[in-house]
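Asks: The lines below spell out each chain.
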Amino acid sequence: MFWKKDKLDREVREEMDYHLSRQAELQQQEGRPADEARNEARRRFGNLAQAQEETRRVHIARWTETVAQDVHYALRSFARMPAFITTAVIALALGIGASTAVFSVVDRILFRSLPYPHEDRLVWMGMAAPIDQQEFLFGADYLEWRERQTAFEAFTSWRGASDCDLTAIEPTRLRCAQAESTFLPTLGITPIHGRNFTKDEDLPNAPKVALLSHRLWRSHFGANPRILGETIQLQGEPVRLIGVLPRDFELPSLSHADIVMPQALDEARERARQRQMFLTVFGRLKPGMTLQQARASFQPSFEHSLQFVPPGFRKEVQLRMNLLRDRQVRDTRQASLVLFGAVVCVLLVACANVANLMLARSAARQREIAVRLAIGAARGRLIRQTLTESLLLSFAGGLLGIALAYIFLKTLVAIAPRGIPRLEQASLDWRVLCFTAGMSLIAGLLFGLAPALIRPRIENLTGTRAGGAPKARLRQALVVAQLAVSVVLLTGAGLLMNSLWRLQNLPLGLQPENILTTTVRLNPANYPRPEQRFVFFQHLEDRLRRLPNVQALAFSDSIPPSDRSLAMIYSMIEKEGQPVNRNQRTGGMVVCRNVTPQYFVTLSIPILRGRGFTESDRRSSDEYIILSNALAHQLFPGEEALGKRIRPGASGNTVHLITFLWYSVLGRMPHKWRMPHK
Amino acid sequence: MQPFTNNLQGTLELLILKALAPGPNHGFGICQHIQTVSDGLLRVEEGSLYPALHRLEKQKLLDAEWKVSDNGRRARYYRLNAAGRKALAQAEESWEILRKGVTKVLKFA
Numbered sequence: 001m002f003w004k005k006d007k008l009d010r011e012v013r014e015e016m017d018y019h020l021s022r023q024a025e026l027q028q029q030e031g032r033p034a035d036e037a038r039n040e041a042r043r044r045f046g047n048l049a050q051a052q053e054e055t056r057r058v059h060i061a062r063w064t065e066t067v068a069q070d071v072h073y074a075l076r077s078f079a080r081m082p083a084f085i086t087t088a089v090i091a092l093a094l095g096i097g098a099s100t101a102v103f104s105v106v107d108r109i110l111f112r113s114l115p116y117p118h119e120d121r122l123v124w125m126g127m128a129a130p131i132d133q134q135e136f137l138f139g140a141d142y143l144e145w146r147e148r149q150t151a152f153e154a155f156t157s158w159r160g161a162s163d164c165d166l167t168a169i170e171p172t173r174l175r176c177a178q179a180e181s182t183f184l185p186t187l188g189i190t191p192i193h194g195r196n197f198t199k200d201e202d203l204p205n206a207p208k209v210a211l212l213s214h215r216l217w218r219s220h221f222g223a224n225p226r227i228l229g230e231t232i233q234l235q236g237e238p239v240r241l242i243g244v245l246p247r248d249f250e251l252p253s254l255s256h257a258d259i260v261m262p263q264a265l266d267e268a269r270e271r272a273r274q275r276q277m278f279l280t281v282f283g284r285l286k287p288g289m290t291l292q293q294a295r296a297s298f299q300p301s302f303e304h305s306l307q308f309v310p311p312g313f314r315k316e317v318q319l320r321m322n323l324l325r326d327r328q329v330r331d332t333r334q335a336s337l338v339l340f341g342a343v344v345c346v347l348l349v350a351c352a353n354v355a356n357l358m359l360a361r362s363a364a365r366q367r368e369i370a371v372r373l374a375i376g377a378a379r380g381r382l383i384r385q386t387l388t389e390s391l392l393l394s395f396a397g398g399l400l401g402i403a404l405a406y407i408f409l410k411t412l413v414a415i416a417p418r419g420i421p422r423l424e425q426a427s428l429d430w431r432v433l434c435f436t437a438g439m440s441l442i443a444g445l446l447f448g449l450a451p452a453l454i455r456p457r458i459e460n461l462t463g464t465r466a467g468g469a470p471k472a473r474l475r476q477a478l479v480v481a482q483l484a485v486s487v488v489l490l491t492g493a494g495l496l497m498n499s500l501w502r503l504q505n506l507p508l509g510l511q512p513e514n515i516l517t518t519t520v521r522l523n524p525a526n527y528p529r530p531e532q533r534f535v536f537f538q539h540l541e542d543r544l545r546r547l548p549n550v551q552a553l554a555f556s557d558s559i560p561p562s563d564r565s566l567a568m569i570y571s572m573i574e575k576e577g578q579p580v581n582r583n584q585r586t587g588g589m590v591v592c593r594n595v596t597p598q599y600f601v602t603l604s605i606p607i608l609r610g611r612g613f614t615e616s617d618r619r620s621s622d623e624y625i626i627l628s629n630a631l632a633h634q635l636f637p638g639e640e641a642l643g644k645r646i647r648p649g650a651s652g653n654t655v656h657l658i659t660f661l662w663y664s665v666l667g668r669m670p671h672k673w674r675m676p677h678k
Numbered sequence: 001m002q003p004f005t006n007n008l009q010g011t012l013e014l015l016i017l018k019a020l021a022p023g024p025n026h027g028f029g030i031c032q033h034i035q036t037v038s039d040g041l042l043r044v045e046e047g048s049l050y051p052a053l054h055r056l057e058k059q060k061l062l063d064a065e066w067k068v069s070d071n072g073r074r075a076r077y078y079r080l081n082a083a084g085r086k087a088l089a090q091a092e093e094s095w096e097i098l099r100k101g102v103t104k105v106l107k108f109a
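Chains as they are written, first to last, in our numbering: chain A, 1 to 678; chain B, 1 to 109.
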């Protein structure tokens, strides 16, 4: 086999020289003089150069040689027009960079598999009702469903993640997820060190155990596997460490957790329906079971559970069952697709731009092309030359695009609002780079094809501009397409800007300017009794009020307008002298908030009628409430609500915080916003 | 016997393979062999012979190596390998079909 071109050349020549020398010898033997014999040998051989060339060609895969030629030629012609190259590469780099950055975000949301084995069988299910934005099951219902279910090979629940404090030498606020003992096995997660907790450890009075997230294990425990078995202080209680979660572990809700602990569900109490624990429920479908079949199999259990729902509310309760992935990306799917579509449009505009540049350039090269055609260049070869040039351009654009994508991505992650699933994981990995390479290739073909397909004409040799017509039409078409795509993009961008403008200017019913907020949570281990907490906040209030630049100061259990706040079912609000009709529909949820008297002054919320709270109301044994205008009119149509007494009934997911007390309506405030409900 | 469908281009290759059947030889030797054996009726053109030899080598029907020949110069010797022998047998068979077929067509008129 020949590999090197020179060696091949040399050997073919030597082989044929040998032939010639033997032929010459033969001629000499027949009596010719030496030089005549050599000439005769050459004559008999025929075209020596051609024979050598054809022999060599057997060994050279022809395309590699010509591709190298094409590339060489393209680079040489690029060097002659640096302005053209710079413009084209920058246009492409912008398009490719933007689409790469967005793809790396969208890929995580739409296409990549979740970090659970057989994630396509994981289901998020529960009852959807106005009292919570997420589907849930009450503890009692969950226990019944778990006993009866046949569709899942594993069925599990968790209570969600909440704040918890590492109360050791260096106190740290963490997020603790509380889950059933079957939670990790159902998701298919095995701890990398230690073990999952057992069913016995998940009992209400069992000694506490916990699994650490990989990050916490590294940051606080030096990634030391011998930490297992040791005890830490969590919320002032001793907790034994039994395992470390894998690095890529994520909760199915995509919320952050540093620690996974047993939820220690008190099954007896739940079954008695004394205390309604909200659980989030997951299942792993048996192989071959479809979501529809599973859904149908849960219908009897669902109907059974409905009996415990007040009759008026039943119509508003639904059984909801989704594949985990669909549920996770529910809100972001459409946004992702729109964003992705937009950047693909940008890329198309860039391609059209570069195609136009290439066309302009090929117009300038018509004579050159015609000459090459006239001296025998094959048309296919010329097309390939153009495509080689455009592919070189697009790959240069792709390379620069990757650099740009890196910057775009960093910016995107930095400015993006919270709540985009897996955004922080978005990175330029090999999948994304493959996408970029593919995009560059497609872009190169797209804008390379147009000039390549224009048939060069021999008439161009004459120097008259005869062949302009079809090219002009193509360029016009490109410009039209470019304009059309731009209009789509601009319209979309305009609509988005409009929505943003409207959101920005939405009246909140309060003045957010110059308001600072902070959240303080007390460790229940240190402040077990409400009075202690009350004293703490009173001290805090006194001290903060003495700060020089504080004009007004208020405390509330949630930050308006839409932080997680208490909510109660409208139709369960009892008016004095008028018992609640349990056959009514829920009427939606009413958001309520516990505040200190200065709240209204601090946020500039006017009291329309009646009065706000005073310091003496805080110490009074009576309970007072201020209603929004809208609620007041809804509750007491045609009457003045002031002075009336109401009693909030069953509430949302923080049942125990609302006491069943009578509240006197003190005042009315404007109602400008509504808690978003699904 | 399968009907002959190949074109006539395989003829040179057949001659080369057959010429190498007795033993390894170089290009000049193959030329001479064919000319002598055919009583001067066939003469192989050098311009076609060498590309054909290299093609056969690339198709792995021939092995080639440089050896010092009888006149003391280095020559490229070609040798039939197992695949080459098989190809030769097939080519001979095809040729036979071609010969019979052509003869019958020519005799018909």
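It cannot be assumed that every hint is accurate.
[As the list claims (entries may be wrong)] Capping the alpha-carbon separation at 27 Å, the derived lysine-lysine pairs in BS3-like fashion look like this: (1) B:Lys60 to B:Lys86; (2) A:Lys575 to A:Lys315; (3) B:Lys100 to B:Lys18; (4) A:Lys7 to B:Lys86; (5) B:Lys67 to A:Lys5; (6) B:Lys100 to A:Lys7; (7) B:Lys107 to B:Lys86; (8) B:Lys60 to B:Lys18; (9) B:Lys86 to B:Lys58; (10) A:Lys199 to A:Lys286; (11) A:Lys575 to A:Lys644; (12) B:Lys86 to B:Lys18; (13) B:Lys86 to B:Lys100; (14) B:Lys104 to A:Lys5; (15) B:Lys58 to A:Lys5; (16) B:Lys18 to B:Lys104; (17) B:Lys58 to B:Lys100; (18) A:Lys7 to B:Lys67.
[What the hints assert, rightly or not] Derived DEER-like restraints, expressed as beta-carbon distance ranges: (19) A:Asn39 to B:Gly101: 41 to 47 Å; (20) B:Gln90 to A:Asp248: 35 to 41 Å; (21) B:Ser38 to A:Pro33: 46 to 52 Å; (22) B:Lys107 to A:Pro33: 24 to 30 Å; (23) B:Arg79 to A:Met81: 52 to 58 Å; (24) A:Gly438 to B:Ile97: 49 to 55 Å; (25) B:Gln59 to A:Asp6: 22 to 28 Å; (26) A:Asn39 to B:Arg79: 43 to 49 Å; (27) B:Ile97 to A:Arg372: 55 to 61 Å; (28) B:Gln59 to A:Ala364: 56 to 62 Å.
What the hints contain is simulated information worked out from the structure, not anything from laboratory work.
Note that the Cβ used here is the ideal one computed from N, Cα and C, for glycine as well.
Asks: For each hint, tell me whether it holds in the structure or not.
Replies: Hint by hint, here is what the structure shows:
no.: 1; hint: B:Lys60 to B:Lys86; in the structure: holds (12 Å)
no.: 2; hint: A:Lys575 to A:Lys315; in the structure: holds (24 Å)
no.: 3; hint: B:Lys100 to B:Lys18; in the structure: holds (19 Å)
no.: 4; hint: A:Lys7 to B:Lys86; in the structure: violated (31 Å)
no.: 5; hint: B:Lys67 to A:Lys5; in the structure: holds (22 Å)
no.: 6; hint: B:Lys100 to A:Lys7; in the structure: violated (45 Å)
no.: 7; hint: B:Lys107 to B:Lys86; in the structure: violated (32 Å)
no.: 8; hint: B:Lys60 to B:Lys18; in the structure: holds (16 Å)
no.: 9; hint: B:Lys86 to B:Lys58; in the structure: holds (16 Å)
no.: 10; hint: A:Lys199 to A:Lys286; in the structure: holds (22 Å)
no.: 11; hint: A:Lys575 to A:Lys644; in the structure: holds (8 Å)
no.: 12; hint: B:Lys86 to B:Lys18; in the structure: holds (11 Å)
no.: 13; hint: B:Lys86 to B:Lys100; in the structure: holds (22 Å)
no.: 14; hint: B:Lys104 to A:Lys5; in the structure: violated (49 Å)
no.: 15; hint: B:Lys58 to A:Lys5; in the structure: holds (16 Å)
no.: 16; hint: B:Lys18 to B:Lys104; in the structure: holds (25 Å)
no.: 17; hint: B:Lys58 to B:Lys100; in the structure: violated (31 Å)
no.: 18; hint: A:Lys7 to B:Lys67; in the structure: holds (17 Å)
no.: 19; hint: A:Asn39 to B:Gly101: 41 to 47 Å; in the structure: holds (43 Å)
no.: 20; hint: B:Gln90 to A:Asp248: 35 to 41 Å; in the structure: violated (60 Å)
no.: 21; hint: B:Ser38 to A:Pro33: 46 to 52 Å; in the structure: violated (29 Å)
no.: 22; hint: B:Lys107 to A:Pro33: 24 to 30 Å; in the structure: violated (50 Å)
no.: 23; hint: B:Arg79 to A:Met81: 52 to 58 Å; in the structure: holds (55 Å)
no.: 24; hint: A:Gly438 to B:Ile97: 49 to 55 Å; in the structure: holds (51 Å)
no.: 25; hint: B:Gln59 to A:Asp6: 22 to 28 Å; in the structure: holds (24 Å)
no.: 26; hint: A:Asn39 to B:Arg79: 43 to 49 Å; in the structure: violated (33 Å)
no.: 27; hint: B:Ile97 to A:Arg372: 55 to 61 Å; in the structure: violated (47 Å)
no.: 28; hint: B:Gln59 to A:Ala364: 56 to 62 Å; in the structure: violated (46 Å)
Violated hints for the displayed structure, listed by number in ascending order: 4, 6, 7, 14, 17, 20, 21, 22, 26, 27 and 28.
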